[in-house]
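*Asks:* Each chain, written out:
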Amino acid sequence: MSPIAIEADTPPQSRTFMRRFAGAPLPWIMPVIIVIGIFYLYPVIDVFRLSFTNATLIGENQQYTFGSISNALSSPQLPDILWATLIFVGGSVIGQQILGLAVAVTVIRGEKRGLFGTTILRTTALVAWVVPGIAGGIIWQMLFSEAPYGALNSILRLMHMPTVAWLSDPAMAPWSTLISNIWRGTAFSMVVMYAALKSIDPSLYEAAEVDGATASQQFFFVTLPQLRAAILVNMILITIQTVNTFDAIITLTGGGPGRATEVISLYVFNIVFRNYDLSGGSVLSVLMLIISLGLAFIYASFLPKEEEQ
Amino acid sequence: MSGRTGSRLGDAMSYLFMLVMFVFFAGPLTYLLSMALRDKREVYRGAARYIPDNPTIQNFITVLNNSYFPIYLWNGLKLAALSGFGVLIVALPAAYAFSRFQFRGKGLSMMGLLLFQMISPLVIMVPLYRYMNRLGLLDTHFAVVMVYVALGVPLATWLLKSTVDGIPRSLDEAAMIDGCNRFSVFWRIILPLSAPGIASVFIITVIAGWSQFLVPFLLLTKNDLMPIGVGIFNFRGMQTDSSIQLLAAACLISVVPAIVAFLSLQRLILGAMTSGAVKG
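Each protein sequence line maps, in turn, to chains A and B.
Last residue of the first sequence: 309 in my numbering, with the numbers rising by one and none dropped.
Last residue of the second sequence: 280 in my numbering, with the numbers rising by one and none dropped.
Isolated chain A (complex conformation) (with noise of 0.2 Å):
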């Protein structure tokens, strides 16, 4: 039905009726809060709800109680837990950072300067970011795999090198891990970065240069403190992407070995839907979604107060 059409055949009450409606916001975003009442407010709180409960996936009767909030948080797995979900998260965060950043300085200075490759770079590092989790979980197996195909250890077998237990060993499978999570994760640092060094003021450069600034003294002191709220933006972001990401993991390593990379995101998830215990999941899932707030609040603590235009 279009709109005109409703203009044109309506008496003229409705269509005062219809302009008055039309004028408030409300009715435009009704659907929005609807979605979001539905699927996300609701579930939330029934989260915090379920968390005080014993609930688990099959059984329909539950009591409430504090014993799955003491059971979970005092779990002996949790503290390795925490550790994985650390190093995991620390490390994309960092690393995706750093290497968009790097990247993104590189494509500009490139295109500035008109070098080879730049645009080959820039979207074969967004085609890794397109890649679904289980894909990249799949494909970075077969770069990690032990077995004769694995794609690393056959090229250190080439240049009698001595292979790497890439996967099996606990203290190496954590850095597989996150090498395939920076390989997915870069390419959007690498975007947020390129934006925010396109937006920088071409005649602080200027200055900097007049003023006899090498290079890395212009990189120091006039890039990094304008990209200070976008590299905070993006570490909020990339932060909760990073401890909400288990696809990738569950192909790649399951978790294993042992316990050396089972996330916060795969525990839960093995929790809840592996073992139906839903009251203790919950709660996990609450401990996770403090850690992603608090640590944007940490973060967002650090941007610059916006300024009133």
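These are calculated hints, taken from the structure and not from any lab test.
Any given hint could be a false lead.
What the hints assert, rightly or not - Label pairs and their computed distance ranges (CB to CB):
hint, chain 1, residue 1, chain 2, residue 2, range
1, A, Trp175, B, Lys40, 30 to 36 Å
2, B, Asp139, A, Leu41, 21 to 27 Å
3, A, Pro76, B, Thr56, 48 to 54 Å
4, A, Leu303, B, Arg134, 40 to 46 Å
5, A, Leu303, B, Asn133, 39 to 45 Å
6, A, Thr214, B, Ile61, 57 to 63 Å
7, A, Ala300, B, Lys40, 50 to 56 Å
8, A, Ser216, B, Phe22, 22 to 28 Å
9, B, Ile57, A, Lys198, 41 to 47 Å
The beta-carbon is built from N, C-alpha and C at its ideal position, and this holds for glycine as well.
Here the structure of chain A is known, so what remains is to put chain B in place on it, guided by the hints.
*Replies:* Relative to the frame of chain A, chain B by itself:
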């Protein structure tokens, strides 16, 4: 060191870095292709047969013939495309309102939307699973699409708002003076002029839907309803080391549509993302 040799050195270092990065980003995908084109014997040659002696497309034929793959592909496409439309229907009016209306709590609700973006799908899937179970919506594509839509709406609203912000208000005002009401301004001015932003949000949502694993994995149990993401996960579980070339072919089949969709609209997508990122 003179300026000229300095920038020569800089160029050389740029090239070196670009080469390393290119190998890092493209290497894994080319190795996947290499594996997918090998026969059984060449798989065991590892990186020594990076370019296979006897490239074959037999693996792709096997995968597409002997399994549910065509169904997975179709389901994946259907779910992703429907969620793209759903996201637009929900987010476009809101983006218009956030851009053009002044009202109390606007900034707060925009921030609130971003907060929801931070919530892991894992957190909301626990209650949603029970909820859908009670409503009898498990094993329906409807439920899956609705959850995809919800997951995509916060970011889409932000991106579309910045698109609408880019349309001069004077156009709205001129149309209103000519007797248009808000609906017709939205329909006749805002929608056509936001076409590039709409296209990029659509494609971003479709690619996100194509990559989804968790939501369909939990809400669907029947094999003929599964989209590609879950399909390939299950397919992987059935393979052994000796059929790794089949897994590679299957994986490539699941990756290529997303890459093609992205590459064909790359400029649009990056435009929407960067304008959203810079303006906040």
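*Asks:* Each hint needs a verdict: does it hold in this structure or not?
*Replies:* Status of each hint after checking the structure:
| no. | hint | verdict |
| --- | --- | --- |
| 1 | A:Trp175 to B:Lys40: 30 to 36 Å | 31 Å, holds |
| 2 | B:Asp139 to A:Leu41: 21 to 27 Å | 25 Å, holds |
| 3 | A:Pro76 to B:Thr56: 48 to 54 Å | 51 Å, holds |
| 4 | A:Leu303 to B:Arg134: 40 to 46 Å | 42 Å, holds |
| 5 | A:Leu303 to B:Asn133: 39 to 45 Å | 42 Å, holds |
| 6 | A:Thr214 to B:Ile61: 57 to 63 Å | 59 Å, holds |
| 7 | A:Ala300 to B:Lys40: 50 to 56 Å | 54 Å, holds |
| 8 | A:Ser216 to B:Phe22: 22 to 28 Å | 24 Å, holds |
| 9 | B:Ile57 to A:Lys198: 41 to 47 Å | 42 Å, holds |
The structure fails none of the hints (numbered hints given earlier).
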